[in-house]
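**Student:** The chain contents come next:
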Amino acid sequence: MSLGLAFVAILIVSLAAGWLGYSRARRLRSATRLHSLPVYHGSYALLWAVIPALLILAAWAPIQSRLVNQAIMASPEGRALPSFDMQRQAILSEARQIAHGEREQGFNPQSSMLAPRIRDAEQRYALLGGTVAILVALGAAALAVRRGTPQFRARTGVERWLMVVLFAASLIAILTTLGILLSLMFESLRFFQLYPVHSFLFGLEWSPQTALRADQAGSSGAFGSIPLMWGTFFIGAIIAMIVAVPLGLMSAIYLTQYAPPALRSWLKPILEILAGVPTVVYGYFAALTVAPVVRDFGLSIGIHSASSESALAAGLVMGIMIIPFISSMADDSIAAVPQAMRDGSLAMGATTSETIRKVLLPAALPGVMGGILLAVSRAIGETMIVVMAAGLSANLTANPFASVTTVTVQIVQLLTGDQEFDSAKTLAAFALGLALFLITLLLNLIALQIVRRYREQYE
Amino acid sequence: MNSITNSRWTDEVMRRRVRRRYAAERLFSALGLAAIALSVLFLAFLLTTMAAKGLGGFVHTEAKLSIDFAKTDLFLDPASLHGPDAAQTVAGADLEGAISKAAASEYGPAAAQMFSGAAVERLGAAIVANPDILTRKADLWLPVASNIDIAAKDRGDDRSERLVRELQQHDALKRSFNTQFLTASDSTDASAAGVFGALKGTFLTILVTMALAFPIGVLAAVYLEEFAPRNRWTDAIEVSINNLAAVPSIIFGLLGLAVFLNLMNLPRSAPLVGGMTLALMTMPVIVIAGRNAIKTVPPSIRDAALGVGASKMQVTFHHVLPLALPGILTGTIIGMARALGETAPLLMIGMRAFVAAPPGGIASPATALPVQIFLWSDEVDRGFVEKTSAAIIVLLLFMLVMNGLAIFLRNRFERRW
Numbered sequence: 001m002s003l004g005l006a007f008v009a010i011l012i013v014s015l016a017a018g019w020l021g022y023s024r025a026r027r028l029r030s031a032t033r034l035h036s037l038p039v040y041h042g043s044y045a046l047l048w049a050v051i052p053a054l055l056i057l058a059a060w061a062p063i064q065s066r067l068v069n070q071a072i073m074a075s076p077e078g079r080a081l082p083s084f085d086m087q088r089q090a091i092l093s094e095a096r097q098i099a100h101g102e103r104e105q106g107f108n109p110q111s112s113m114l115a116p117r118i119r120d121a122e123q124r125y126a127l128l129g130g131t132v133a134i135l136v137a138l139g140a141a142a143l144a145v146r147r148g149t150p151q152f153r154a155r156t157g158v159e160r161w162l163m164v165v166l167f168a169a170s171l172i173a174i175l176t177t178l179g180i181l182l183s184l185m186f187e188s189l190r191f192f193q194l195y196p197v198h199s200f201l202f203g204l205e206w207s208p209q210t211a212l213r214a215d216q217a218g219s220s221g222a223f224g225s226i227p228l229m230w231g232t233f234f235i236g237a238i239i240a241m242i243v244a245v246p247l248g249l250m251s252a253i254y255l256t257q258y259a260p261p262a263l264r265s266w267l268k269p270i271l272e273i274l275a276g277v278p279t280v281v282y283g284y285f286a287a288l289t290v291a292p293v294v295r296d297f298g299l300s301i302g303i304h305s306a307s308s309e310s311a312l313a314a315g316l317v318m319g320i321m322i323i324p325f326i327s328s329m330a331d332d333s334i335a336a337v338p339q340a341m342r343d344g345s346l347a348m349g350a351t352t353s354e355t356i357r358k359v360l361l362p363a364a365l366p367g368v369m370g371g372i373l374l375a376v377s378r379a380i381g382e383t384m385i386v387v388m389a390a391g392l393s394a395n396l397t398a399n400p401f402a403s404v405t406t407v408t409v410q411i412v413q414l415l416t417g418d419q420e421f422d423s424a425k426t427l428a429a430f431a432l433g434l435a436l437f438l439i440t441l442l443l444n445l446i447a448l449q450i451v452r453r454y455r456e457q458y459e
Numbered sequence: 460m461n462s463i464t465n466s467r468w469t470d471e472v473m474r475r476r477v478r479r480r481y482a483a484e485r486l487f488s489a490l491g492l493a494a495i496a497l498s499v500l501f502l503a504f505l506l507t508t509m510a511a512k513g514l515g516g517f518v519h520t521e522a523k524l525s526i527d528f529a530k531t532d533l534f535l536d537p538a539s540l541h542g543p544d545a546a547q548t549v550a551g552a553d554l555e556g557a558i559s560k561a562a563a564s565e566y567g568p569a570a571a572q573m574f575s576g577a578a579v580e581r582l583g584a585a586i587v588a589n590p591d592i593l594t595r596k597a598d599l600w601l602p603v604a605s606n607i608d609i610a611a612k613d614r615g616d617d618r619s620e621r622l623v624r625e626l627q628q629h630d631a632l633k634r635s636f637n638t639q640f641l642t643a644s645d646s647t648d649a650s651a652a653g654v655f656g657a658l659k660g661t662f663l664t665i666l667v668t669m670a671l672a673f674p675i676g677v678l679a680a681v682y683l684e685e686f687a688p689r690n691r692w693t694d695a696i697e698v699s700i701n702n703l704a705a706v707p708s709i710i711f712g713l714l715g716l717a718v719f720l721n722l723m724n725l726p727r728s729a730p731l732v733g734g735m736t737l738a739l740m741t742m743p744v745i746v747i748a749g750r751n752a753i754k755t756v757p758p759s760i761r762d763a764a765l766g767v768g769a770s771k772m773q774v775t776f777h778h779v780l781p782l783a784l785p786g787i788l789t790g791t792i793i794g795m796a797r798a799l800g801e802t803a804p805l806l807m808i809g810m811r812a813f814v815a816a817p818p819g820g821i822a823s824p825a826t827a828l829p830v831q832i833f834l835w836s837d838e839v840d841r842g843f844v845e846k847t848s849a850a851i852i853v854l855l856l857f858m859l860v861m862n863g864l865a866i867f868l869r870n871r872f873e874r875r876w
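Each protein sequence line maps, in turn, to chains A and B. Under the working numbering, the first residue of the first sequence carries the number 1, and numbering increases by one thereafter. Under the working numbering, the first residue of the second sequence carries the number 460, and numbering increases by one thereafter.
Hints may be right or wrong, so weigh each one.
For the chain B half of the interface with chain A, some residues (derived, Cβ under 10 Å), not all of them [as the list claims (entries may be wrong)]: (1) ALA717; (2) MET723; (3) ILE851.
Hint data in this document are derived by calculation from the structure and do not stem from the laboratory. Note that the structure is a prediction, hence the values are computed from the model and not measured. Ideal Cβ placement from N, Cα and C applies to all residues, glycine included.
Given these sequences and hints, build the entire structure.
**Tutor:** And the structure:
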């Protein structure tokens with residue numbers, strides 16, 4: 001028996017329980033008056049049968065995979081496995097595929113010998129867990145169906161279950177946040193056991209190539225994050241914002257203050273399309289079309305170090321990606337300025353542009369600043385454009401035609417490729433992830449605080 | 460104080476000042492128009508570049524080749540090529556050698572390499588469909604290798620250009636719609652590569668995302684909007700949802716890698732894990748859209764239902780939720796469109812493997828369309844440039860359809876109260 005089969009069995013049991021509860025209640029209704037509709041009696045039995053049993057099954061599945069692993073490792077074939085981690089994992093995953101019938105033969109003969117062991121162990125434990133879950137379903141169903149008397153408040157019971165489900169759904173958000181924090185912190189702590197924190201935070205050199213053997217010369221692995229932080233900041237917060245802030249702000253001003261309604265109804269969806277283009281498309285565009293132009297321009301004005309993976313190309317395209325974001329944030333904050341202030345200024349004889357520059361913009365400034373901070377946070381976390389258009393070499397330079405690298409590029413670089421999970425390189429990616437998460441979190445919190453305080457001012 | 464005494468509008472100084480102010484006004488408005496025109500122009504430039512580069516990817520060049528099967532050493536017996544094993548038998552034969560010899564004898568030794576994997580597949584399919592051609596000489600149109608394809612469409616290397624001119628003199632080249640691009644999966648050979656495998660992977664991934672994020676997101680929105688008491692727990696939930704909506708997508712990839720792959724031992728590169736990761740990313744978007752939609756349902760609806768004896772739960776699920784559904788669906792589709800174009804988290808959980816066959820299910824290795832675009836963009840072979848742009852066109856079409864659907868739903872069903 002597999003857990004999938006147990007799942008189907010539980011579904012059948014609970015549907016049967018639901019039907020039984022429903023038909024019993026209908027029979028009762030022909031004689032007396034019920035507190036709850038028959039459909040609630042049915043749902044009550046169904047929910048009691050299905051939810052606890054499925055929870056048991058869901059809790060059992062990871063326990064089972066651990067138990068199966070232990071059983072295999074304890075078996076004679078398992079003890080004969082090579083101790084080198086990667087090799088053992090490869091054989092085990094092959095054996096698992098053979099056991100599940102996904103392939104017939106493994107590259108390694110050991111995997112074929114392990115396969116029946118895995119199958120046996122899985123069947124044994126699935127039988128155990130599945131039987132317990134099905135028995136729970138049957139027991140709960142029997143109890144729930146027996147409670148179906150005319151006075152029984154089945155609807156209240158159903159609604160209590162629904163409430164639990166609703167609450168559980170909203171808990172997922174907290175669990176995700178906790179999951180992000182805990183997993184990043186856990187892996188980062190392991191990284192900081194291998195590499196000192198202060199060298200990571202303040203080190204000026206980033207070259208993550210670690211030596212495969214101890215006697216290998218040259219690459220020792222340096223994980224100083226300053227060049228990455230600078231590159232991220234340079235592309236996301238300087239170059240991209242130089243493009244996006246004026247264009248986004250002026251677009252928002254034109255759309256809200258000048259554009260005739262017909263034009264506005266055309267331009268707004270176009271800006272939305274610009275926001276909806278996948279980042280991988282921007283990245284491809286930056287690498288294929290923008291980067292060569294930028295390099296040639298750099299060479300033509302006499303910068304010999306102009307790289308085809310320049311910070312400028314990535315930053316320009318990222319700025320264009322951010323325009324709609326800034327525009328809509330600015331739109332919101334300008335719209336939040338009370339109409340009376342605008343009318344007052346116009347009535348004093350100021351022109352529209354004077355009203356915008358001297359009244360609307362100063363009043364909307366906190367909101368606009370908050371929006372820009374949010375945009376910076378988004379630009380810093382953006383991955384595909386920089387992966388495709390920015391470079392890999394960690395240079396600490398302010399030359400926009402040179403190649404710099406960013407935090408997200410290095411995370412992708414460290415984690416794609418085949419390597420074991422415990423090396424300093426992979427763990428360093430999580431430390432970078434933690435830094436990125438904390439920086440964006442901080443930016444978001446500050447921005448939201450500014451925006452909220454500014455809104456309260458005019459309410 | 461001078462200006463107060465001088466405030467006659469007909470005065471020359473005043474008129475000059477007014478002129479200057481009006482000029483500034485016009486300049487400002489023109490700057491605004493220029494800003495937005497620049498954004499629009501950029502979008503147009505992006506789309507036309509992609510279209511110009513990518514439309515070629517939907518078309519491929521075919522060359523005529525006559526193969527005298529009697530003279531080839533394929534050792535295939537037409538009688539044995541009936542039934543389900545035919546394709547496998549044909550795949551075992553040296554079709555590539557036969558093609559190469561036939562091409563060399565027809566167009567000279569330079570042409571020996573003019574066909575590649577795509578031609579072999581086409582020939583195999585032709586033989587399976589009609590085994591009788593093995594007994595005679597047959598004229599076939601076969602797709603050429605990608606360097607010849609580039610030379611025929613645009614500019615290639617000298618050897619390929621010469622060969623193309625030679626073929627054109629024989630009238631042995633034609634263009635046709637590249638069906639293989641839409642039906643094949645990834646391949647190391649640009650002429651044989653297609654997007655079907657990646658499309659299927661994307662479809663399965665989005666299916667998992669939808670199945671998880673939509674119910675959880677809607678239920679969480681209902682809880683927060685209708686039932687949540689005002690306490691610390693609720694505040695914590697709200698803060699974490701608002702914050703999750705702004706967390707960089709690559710962080711979700713790290714979460715998926717650490718929790719789903721390393722802790723829970725779920726299969727690597729699988730749409731299941733990709734879908735779960737994207738679901739965590741999309742859920743906050745759906746919750747926020749759902750809460751806004753539920754907020755717009757007027758309290759009078761709730762009061763009326765409560766007044767005739769419905770319970771709070773019945774009010775919510777029988778009245779409020781159906782009325783809010785169009786708004787929720789619009790938000791969901793927009794969230795799904797974002798998930799569809801997302802690349803970075805999928806890279807983290809290993810959906811960048813080379814997968815030459817379409818995935819069989821949600822647990823088998825797969826790649827997704829945006830990841831496929833990223834992988835192809837890294838290829839050195841020039842033939843992949845137009846494939847990448849063509850795949851981008853397919854991706855953009857999907858985004859357009861989804862966003863169009865969202866706009867349609869919004870205009871058709873959303874009610875103003």
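**Student:** All hints, please: hold or fail.
**Tutor:** So, going through the hints one by one against the coordinates:
1. A distance limit of 10 Å between C-beta atoms decides the matter here; for B:ALA717 the minimum to chain A is near 4 Å, and the interface restraint holds.
2. Proximity of B:MET723 to chain A holds as hinted, the smallest CB-CB distance being about 6 Å (cut-off 10 Å).
3. At its closest, the beta carbon of B:ILE851 sits 5 Å from a beta carbon of chain A; the interface hint therefore holds under the 10 Å criterion.
Checked against the numbered hints given earlier, this structure breaks none of them.
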